[in-house]
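A.B. asks: Residues per chain are reported as follows:
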Amino acid sequence: MATLRAPGGPGGAGESGQVTPVGGPGGGLYLPPPGAGVSGARSVRRMTRAIRSNGKASVGTGMLALFCLVALFPGVIAHDNPSAEIYGRALGPSAQHLLGTTAFGQDIFAQVIYGTRPVLLIALGVGLSATVIAMLIGVAAAYLGGAWDGVLSLITDVLLVIPAFPLLIVIASYLHGASTAVLIAVVTAVSWSYTARQLRAQALSLRNRDFLEAARVRGERSLYIILVEIIPTMTSLLMASFLTNALYAVLFSSGLQFIGLGNPNTVSWGTMLYWAENNEAFQTGQALWIIVPGLCIVALGAAFALLNYAFDEIGNPALRPVKSMRRKRVLPR
Amino acid sequence: MSSPGDEPGGAVTAARTAGAVLTVRDLSVEYLMEGGTVRAVDGVSFDLSPGEFLGVVGESGCGKSTLLFAIAQLLVPPAEITGGSVVFRGESMVGLTDRQLAAIRWKDLSVVMQSAMNALNPVKTIAAQFKDAMRAHGVASKQEIADRSAEVLRMVGIDPVHLKSYPHQLSGGMRQRSMIAMALLLTPELVIMDEPTSALDVVAQRSLMVQIKELQEQLGFAVIFVTHDMSLVSHFSDRLMVMYAGRVDEFGPTRQVFDSPQHPYTIGLMEAFPSIRGPRVPLTGIPGSPPNLASPPPGCRFAPRCPKVMTRCREETPELYHVNGTLVRCFLHADGGVDHD
Amino acid sequence: MRFVLRRLGFFVLTLWAALTLNFALPRLMPGSPALAIIANHRGALSPSALKVVEAQFGIGHQNIVLQYFSYLGNVARLRFGESLTTQPGVSVGHIVLDAIPWTLGLVGLTTVLAFILGTLIGIVGAWRRGGWLDSIMPPIFVIMTVIPYFWIGLILILVFGVKLHWLPYFFTYDITLTPGFNLAFIGNVLEHAILPAFTLLITTIGTWILTMRNTMITTLAEDYVRMARAKGLPGRRIMLDYAARNAILPNLTGFAMSLGFVVGGAILIELVFNYEGVGWLLLQAVNNDDYPLEQALFLLITAAVLVAILLSDVATAILDPRTRGAR
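These protein sequence lines are chains F, P and X, in that order.
If you want the working numbering, it's the position in the first sequence, counting the first as 1, plus 1.
If you want the working numbering, it's the position in the second sequence, counting the first as 1, plus 830.
Numbering follows the working numbering, with no gaps: position 124 of the third sequence is 118.
Because the hints were derived from the structure by calculation, they are not lab data.
One should not assume that every hint holds.
Think about it this way: if two alpha-carbon atoms lie no more than 20 angstroms apart in a straight line, the pair counts; the simulated DMTMM-like pairs of lysine to aspartate or glutamate are [to be verified]:
| hint | chain 1 | residue 1 | chain 2 | residue 2 |
| --- | --- | --- | --- | --- |
| 1 | P | Lys937 | P | Glu882 |
| 2 | P | Lys954 | X | Glu185 |
| 3 | P | Lys1138 | P | Glu1149 |
| 4 | P | Lys961 | X | Asp217 |
| 5 | P | Lys937 | P | Glu864 |
| 6 | P | Lys937 | P | Asp977 |
| 7 | P | Lys961 | P | Glu921 |
| 8 | P | Lys1138 | P | Glu1101 |
| 9 | P | Lys954 | X | Glu216 |
| 10 | X | Lys157 | X | Glu185 |
| 11 | P | Lys937 | P | Glu1019 |
| 12 | P | Lys1043 | P | Glu1101 |
| 13 | P | Lys954 | X | Asp314 |
| 14 | P | Lys961 | P | Asp989 |
| 15 | P | Lys994 | P | Asp977 |
| 16 | P | Lys937 | P | Glu981 |
| 17 | P | Lys1043 | P | Asp938 |
| 18 | P | Lys1043 | P | Asp1059 |
| 19 | P | Lys954 | P | Asp938 |
| 20 | P | Lys961 | X | Asp235 |
| 21 | P | Lys994 | X | Asp92 |
| 22 | X | Lys157 | F | Asp313 |
| 23 | P | Lys1043 | P | Glu1019 |
| 24 | P | Lys954 | X | Asp235 |
| 25 | P | Lys994 | X | Asp235 |
| 26 | P | Lys972 | P | Asp928 |
| 27 | P | Lys994 | P | Glu981 |
| 28 | P | Lys994 | P | Glu1019 |
| 29 | P | Lys961 | P | Asp938 |
| 30 | X | Lys157 | F | Asp81 |
On the chain X side, residues computed to face chain F include the following (Cβ under 10 angstroms) [unchecked claim]:
| hint | residue |
| --- | --- |
| 31 | Leu2 |
| 32 | Phe5 |
| 33 | Ala12 |
| 34 | Leu15 |
| 35 | Leu22 |
| 36 | Ser40 |
| 37 | Pro133 |
| 38 | Gly181 |
| 39 | Asn182 |
| 40 | Val183 |
We treat Cβ as the ideally placed atom computed from N, Cα and C, and that holds for glycine.
Pulled out of the complex, with its shape left as it was, chain F reads as follows (with noise of 0.2 angstroms):
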């Protein structure tokens, strides 16, 4: 698909429909303004090319990798039973148990390895759906105008502004604890009000764009035009969207069992928490118990965080760190 070219940006759009680069005159790093129809395969090259270059991402997805890899097989790197309460309790760390065993007796270490994976779940899965609902929402309320988006706003602005964890706890209450898959549901429902109003201003401001007119005139269906032209473009957006919604899945989750609403059985980072507490980790000097699981969501959450972060600076360059040969600051010494 050729390069259409983009209407506007900082040139003014009189002038002689040249693009106008971004960043300085007449070339140097060219990146087309945003919303321009770029492939979507034109996009994913310049955003691996983008994360590499930037610490931030290539840190937070290296963690992310290293996560998944100890979700996909806990048992390579685990060698005992998470939930067996065979060992001795209580016990400090040794080369037998690298982090000691908790009040039950069971391996600290492994259950930390074994944890991985709900907490891993529940992140992509909350991710992934909450962005698509958002998605699916956002951009319809945008492109359908009118009625259809003051009701699709109006039940999303409400929901937003619902504090989403009292409600989690009342419904997770109600229902008594819940399994992996409930709490992803549960609390995808009550995240993708955020980022759908995100996409549904993006989604608006694409929309009156040359080249979604130009499709328009080429005789392109709605639908087309939503799957083909906007929702590329949006990439970027999008991929925010996932990874804020993962991040929150993850602490809002790690809460939820904290309390002891989610199902204590399950081997969680969460649970393992909730257990702790429950057993006086601290006072009874079992402080691994309750440290190490902590620091496995900080990290799983910093590797979002960092993601999102960098993914922020890249779509934005006047966010990234300054750089210059002389360290100026912006304005007046």
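Chains P and X: place on chain F using the hints.
C.D. replies: Same frame as chain F, now just chains P and X:
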């Protein structure tokens, strides 16, 4: 290539003797990007006399706005002045900090930007924005501030009652004119204008230009006016500077440049805007597009698009040559004698 | 004014939605858990409370529409029934009122403090771009925003409470003291509030700093900031009057939206520190299946968030003339 602040000694003396309000010598501006450096302004030199109206024209990306901001020392990283000098009223400006420049700013040199909607602080009233400019330069009395604010608004044809308005409450034309009024608050000697009419419709454009010219003749300030609309500015400017790809390609008295352009680029521009009253001519454009300044073509930068290109053009860079009182950067006129300054 | 009225309307709508959610949820849940619990404990309730609870949860023989309206009517009259299990027979209103001041003090004050501090740090950080502050800030604060609130609370307890014995970490005040407006008591309250407040502060401040920094950077690139430089205005004035004044506007909206998360975190922190505020009470209610109490607390929290958002909208209207105009 001299580094910033290198030359001022010689340029300053020259400026003082010539009485020029602004002397720019060999000014170069580069953008330090991740992909490399882009030289947006390459060795621009000119003098500006008091009360002179200088028009700077060129297509988008030619560096004219960058030139303006460089002169006003308003560049923002990654843009930096990397060579040459700017001497304003006998003082070299390059390399001064904002604090050092504060005394001159607005009092002697003010700026008008392209879009008043963006250039005016959206959360402050017009009056407040006028006030803080005056306060910053020692005008303390409330009465004085109020009087002067009303006065400049009247000068541009706006009822002073609008002092209480916020920018978004004014019409586009009024906003633009308030920006000009603001620029005149402290009766500067030089007003730099970056495409102030581009955001307006054709009728408003004309009336704004007329107003600017009247004010200029009345108050006697010099103007550097940047625009892509050559025909518009040519009615009002004393001299015209045509820029292309960061360099000055033609520079001389307006009438001359307009009526008998010498550089193939200027000629191309002229032919792209046929006169509405003249004989019917087929529309011509200039084929191709401006060069990528991250890796500009060797030799003359216009060579890839020039209808009169010679082999020499692709290998050597032409200097500015004298042709009947105009400076032209083209080997076609190489016999005219190089302009040394 | 119109702007504020419109927002008010929106909030009434949201409150209504929350109420309806409250009404619908117990009826949608499989197995009607609410009914079972209530059946077990109805002996503890007074007759008037029983009526309220029936309307709330769908016991009894009225049809659902009637139940809905009596439920709404009860809420309007602030009748939430009585606690089933936490403090059987005690009016929910009373229990809740006891807890509110603690949470208001802790969460309210700390959030405002975190917002103000975070905003200031963000402003200065963006102003001094390229400095050391700017390069370490983003990664540090990014990590700070992902730390689970409850976990950091636990760690702080470990360090300052258990190991160092510097600060208390249980309850809102020493239970051996009698409450009263005397210095000893107030001092004790403050002492108990330090750790929870600090936890809340460091977990929430990261977001404010980062978002303020980002909006500030975008604002600093605006033309009117350049224009302010061109006018020769002093640096501090540009930073505050031109940049920060404009940059803070989207942040106020962001503040409103983040409140939901802050509230969630505060609940967990209250749990960890056994701080007897609204959040802690909610979790007690959950553990005891005390549905009337739970519902009332949920409504309270929602209403509080809405009020805070409304306040920030008012602040935006004051600071941003564009929202007031006839646009």
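A.B. asks: Min Cβ distance, Asn182 of chain X to chain F: is it shorter than 10 angstroms?
C.D. replies: Cβ of Asn182 of chain X sits 22 angstroms from chain F, so the hint is violated.
A.B. asks: Taking the closest Cβ pair, is Leu2 of chain X under 10 angstroms from chain F?
C.D. replies: Not OK, violated: Leu2 of chain X not within 10 angstroms of chain F, min 13 angstroms.
A.B. asks: Check the hint pairing Lys1043 of chain P with Glu1019 of chain P against an upper bound of 20 angstroms on the C-alpha distance.
C.D. replies: It holds: about 14 angstroms lies between the C-alpha atoms, which stays within 20 angstroms.
A.B. asks: Does Asp928 of chain P lie within 20 angstroms of Lys972 of chain P when you go C-alpha to C-alpha?
C.D. replies: Since the Cα atoms of Lys972 of chain P and Asp928 of chain P sit roughly 26 angstroms apart, the hinted pair is violated (cutoff 20 angstroms).
A.B. asks: Within 20 angstroms, alpha carbon to alpha carbon, are Lys1043 of chain P and Asp938 of chain P?
C.D. replies: Roughly 18 angstroms separates the two Cα atoms, so the pair holds.
A.B. asks: When you check the alpha-carbon spacing of Lys994 of chain P and Glu1019 of chain P, does it fall within 20 angstroms?
C.D. replies: violated, 28 angstroms
A.B. asks: Is the Cα-Cα distance between Lys937 of chain P and Glu864 of chain P 20 angstroms or less?
C.D. replies: Between Lys937 of chain P and Glu864 of chain P the Cα gap is close to 37 angstroms, so the pair fails against 20 angstroms, i.e. violated.
A.B. asks: For a C-alpha distance cap of 20 angstroms, please report whether Lys1138 of chain P and Glu1149 of chain P respect it.
C.D. replies: Roughly 17 angstroms separates the two Cα atoms, so the pair holds.
A.B. asks: May I ask you to test the interface hint for Phe5 of chain X with respect to chain F, counting a Cβ-Cβ separation under 10 angstroms as satisfied?
C.D. replies: holds, 8 angstroms
A.B. asks: Hold the hint about Gly181 of chain X up to the distance rule: shortest CB distance to chain F must be less than 10 angstroms.
C.D. replies: violated, 26 angstroms
A.B. asks: Decide if the proposed pair is consistent with the structure: Lys1138 of chain P and Glu1101 of chain P, CA atoms, cutoff 20 angstroms inclusive.
C.D. replies: holds, 15 angstroms
A.B. asks: Within a Cα-Cα threshold of 20 angstroms, do Lys157 of chain X and Asp313 of chain F meet the stated pairing?
C.D. replies: violated, 41 angstroms
Consistency note: the structure conflicts with the earlier hints numbered 2, 5, 7, 12, 19, 21, 22, 26, 28, 30, 31, 36, 38, 39, 40.
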